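Undergrad: Which chain is which? The protein sequence lines are S and B, in order. The first sequence lines up with residues 1282 to 1590 when you count with my numbering. The second sequence lines up with residues 1193 to 1509 when you count with my numbering.
Quick caveat, the hints were computed from the structure, so don't treat them as lab data. For clarity, every value in this text was computed on a predicted model and none was experimentally measured. A hint or two may mislead.
Just some of the chain S residues that point at chain B, by a computed CB distance under 8 Å [unchecked claim]:
1) P1295
2) A1300
3) I1304
4) M1307
5) L1420
6) V1427
7) M1526
8) Q1547
9) A1554
10) V1561
11) Y1568
12) L1569
13) V1570
14) V1577
Ranges of calculated distance between the beta carbons of each label pair, as one might list FRET restraints [as the list claims (entries may be wrong)]:
15) L1524/S <-> Q1466/B: 46 to 56 Å
16) Q1292/S <-> R1239/B: 35 to 45 Å
17) A1405/B <-> F1309/S: 47 to 57 Å
Don't be surprised by glycine CBs; every beta carbon is placed ideally from N, CA and C.
Chain by chain, the residues:
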Amino acid sequence: MVWYILRRLLQVIPVFFGATLLIYFMVFALPGDPIAALAGDRGLNPAVADALRVRYHLDQPFIVQYLIFVGGIFVGDFGTAFSGQPVSEILAATFPVTLRLALLAVAIEAVAGIFIGLVSGLRKGKLFDSSALVVSLILISVPIFVTAFVAQYIFGIRLGIARTTVGIGAPWEDLILPAFVLATVSFAYIVRLTRASVIENLNEDFVRTATAKGLSRRRVIRVHILRNSMIPVVTYIGTDFGLLMVGATVTEGIFNVPGVGRTLYQAIIRSEAPTVVSFVTVMVIIYLVANLLVDVLYGFLDPRIRYVK
Amino acid sequence: MSNNTPLSRTHFVAPLDETPLVAVDKVSVNAKPSNLYRDAWRDMRGRPLFYIAGAIALLAIVVAAVPSWFTNIDPQFCNLDFSNDPSSGGHILGYTKQGCDVYARIIFGTRTSLSVGLLVTLIVTVLGVIIGALSGFYGRWVDAVLSRISDIFFAIPYILAAVVIMSVVAREARSILVLSLAIGLFAWPSTARVLRGQILSVKNSDYVTSATALGVSPFRVLLRHVLPNSIAPVIVITTIGFAGAIVAEATLSFLGIGLPSEVMSWGKDISEAQGDLRNNPMTLIWPSIALSVTVLSFILLGEVVRDALDPKARARR
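This is chain B alone, in the form it adopts within the complex:
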């Protein structure tokens, strides 16, 4: 850390004209002890980027939760009379090739993107944390077996794995859950690896040894002492992974192997607009902007969280 941290924050230095007793009184016993997460939270609240990215992400979440607040046009109602028409009263972003309202489709597509993002993140975090924690903490054959398994899953880029799964799976079985599983089942190894590495460096700390010496069971040591002290990088990777999942969903929908036709998705809308790139580019650009801005907001949040949790990253900015 830099030199601008006042010395008094770490050590109380009594002024020369004070008696030691007064000095001791000044040290508040009730003051909350600071920890990594509290420091990180204070750091984040001081950054404008946190508010900008947070506001966009929050807006996306609200749109996904109650799309009807933002439009009263039925996104499924399409009239070929309006095919590729420019914007007109009430239809601010114009019409798609099928004559549907572009704005309404973007609003209703938000829920798809965020649902897949959330589900994939859940799957990846649960699998990654369990596997990473077990292999880092228990070591030996547990680690050997789990690490080989995660090497194998890591060898297949997760979008390609999802492409195989979604190509083979029966068309009528396609759903948000199946799509999320297809992405998540191959995306967990990076989380597991990061956590494993972190646990390896934490598990020989003195506080872990003393907890073990006090007779705390290994599983409890893992849960109460090791995990809370090694989870920070996982939080960062999870935020950025959320953005990655949204991109993966859009890519698969773009390739036509995402969700069933009645589910609205930005990727699908972009794919359908590609034939009209020459004469009506904006139908493609609007959903692209919605997609990119949402992804950007979660990536920025990940950046802010990383800077806050990692003092080294803080020094770099």
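One chain only, chain S, in its complex shape:
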């Protein structure tokens, strides 16, 4: 197990440096000036522009910029946002909110998705299955910002049972609607994934053996089918963090959830390129760490994975 974790860690390190270097290289190599973009068409006072360049180290050679950034990460310094506030301070305030939203969304999509996928798989070809299939395909096709607006309109404006924007401190009950919106896309994938593996497992020998031993259908389903069908779902939830991150940016922006995603959303809308770059970098790091955690967890859940090469 220790070797497995170490090996995964060693694999992540080059990816981490590569990905951050790539982002910094892109910003450096692309035509266009992130500082000029801040001022729109009128242009900045040269003195202000120079001061901003110094603040974001844009006057330094590219590799120095990158080393300053990477060095900073290891002491918890992610640079300065356009508002002058350190990014780490903004993160400390916003990350817990995003984490709560994400946990709520993952819980919704996992519980609902696995349950509906299981029932669909057991009743393959029946009405429930076909309706679930149609609904999941529609949910996959509707972009998340459309889902967000439709949910806001129906539940917030028409029915009036939820608030269209999240209140101060982001109480749990305000996060439910954004979490449902954030969960929709992955929910559909989990339904399909669970359904597919349930159908495959139904024909497995161990299921026939379990039935032949005289186990009740309920127990066969719970212990033998469901548990084995969960393996690909757990992997999916791990790789799904990328989608979740993009979704959180849009959802938090639309529902005004005071999280990491909204900070990025507002920086994008106001074209504050330096802030966009730091927050995307932060999200990439979160994504890598989350994937690493899921992989380690996966090693605990499924012993086979630890011994592969």
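Chain S is already provided as a structure; the job is to place chain B on it using the hints.
TA: Here is chain B on its own, set in the frame of chain S:
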């Protein structure tokens, strides 16, 4: 596969009262040998879903190619007198906040979505197939280097990468090509990975060994034998990726970092309508429907293709 496949389709079994010679005559030498793609095509033609999704996708392509067939209203002509007005004669879906015709803007926005979809798909497929094929087929250090590179690109979710690129790139440099590059340059690793895995499982097949033994050069073996036998999952992922590219374009346009202001886009129209969600929701809903239905049609096509190409998926439906 299921039991309902008649045995006679795979083995000719002569009836008992026939002489073997007649039986041999019945086996047509000229019959076209079946292959995966021909089987898949026959399977697809038997599914109503293929026609529905195909018809919608075809309609979208025709609208994108000749929008003037579908409306004679100038989508760029806006009159604030009509701001947020409901539908009236000739303007079936009403007006936007700026007083432009909603229907005409949807019709003319189709081309943007499909162009980005097409360009991104091209970029992703070219990069993904070249990189995936080289790393799967040549293995060793080629594979080690290319796989690490694709790990790095994979670590940055492609929409976030596009957000960075489009935020930094100069406003006047924004165009459909730049936007497609921004999305495509980070979306290829999944294609490369799928193809690499497929090639790894194909490249030790007997027909590959025999081609090599006959003295065929490795590159030709890759092109003539390995690629055609491992490309099927790439076709599926490409169809679904087309839908993903359309969503990515709409998302970036929605965030205001997509295309220059004179290019019409569904994402941009949705973004502009969001302030009036309370009093005029339909201005937001119509372009949303156009976007979702187009995406759905390509996702459904991807489903049909997957079912047709993958016998395992066929058994699941």
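Undergrad: Which of the numbered hints above does this structure break?
TA: Checked against the structure, the hints that fail are numbers 5, 8, 13, 14, 15, while the rest are satisfied.
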